[in-house]
Amino acid sequence: EPEVTQTPSHQVTQMGQEVILRCVPISNHLYFYWYRQILGQKVEFLVSFYNNEISEKSEIFDDQFSVERPDGSNFTLKIRSTKLEDSAMYFCASSGTGGRQETQYFGPGTRLLVL
Amino acid sequence: GENVEQHPSTLSVQEGDSAVIKCTYSDSASNYFPWYKQELGKRPQLIIDIRSNVGEKKDQRIAVTLNKTAKHFSLHITETQPEDSAVYFCAASLANAGGTSYGKLTFGQGTILTVHP
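From first to last, the protein sequence lines stand for chains H and W.
Just so we're aligned, residue 25 is where the first sequence starts under my numbering, counting upward by one.
Just so we're aligned, residue 103 is where the second sequence starts under my numbering, counting upward by one.
Derived by calculation from the structure, the hints in this document are not laboratory data.
Calculated lysine-lysine pairs in the PhoX-like style (CA-CA distance at most 25 Å, straight line): (1) Lys66(H) with Lys173(W); (2) Lys124(W) with Lys66(H); (3) Lys160(W) with Lys124(W); (4) Lys144(W) with Lys102(H); (5) Lys66(H) with Lys170(W); (6) Lys159(W) with Lys173(W); (7) Lys66(H) with Lys144(W); (8) Lys66(H) with Lys107(H).
All chains, full assembly: derive it from the sequences and hints.
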């Protein structure tokens, strides 16, 4: 069964550095999402992306964040200048095929630690 | 915006017992309600979902009920097994059929379910 994949699985960075988290959504899905989960807390929506543009974003998704679909398969989240509070697990999800377009499938996550 | 509240935060049951987790939502426009199971360090996995045009859905030992009037929905697990131990999240979204977005998921706080052998 196709799955969403994410790289890297873990990333450690210094505060102020830029990081790029990569995702490969399920092939032929049309809608892409990023969520984050701070340790021990609930999953929080960051941004949704469709037709090469942002559909919706949360208040968390400020100017330091950006998303891109640079080719036909990858979907990336860039954090320009990381802060300590950006430490979290970041999940990519995709949806949108057939009759179950609302079902979102999650990747395994990237655990980001900002020191 | 949507707000989802989930209870209880922890639930401990004996193997073979039933477990019930409840969620309430605030936005009456929400029309899609999935439940995810998350094992430690793993991705959230969809276990069952329900759309607002039905009141109940069942899949083997798992069932979900939805009360649109009261804006709450519940997950029922019967004959629990130790491998059911995990964190369970409910979520709500406005699935925009035919639109440009299939809607962000707003998650509840999660329930840590422990099934004792």
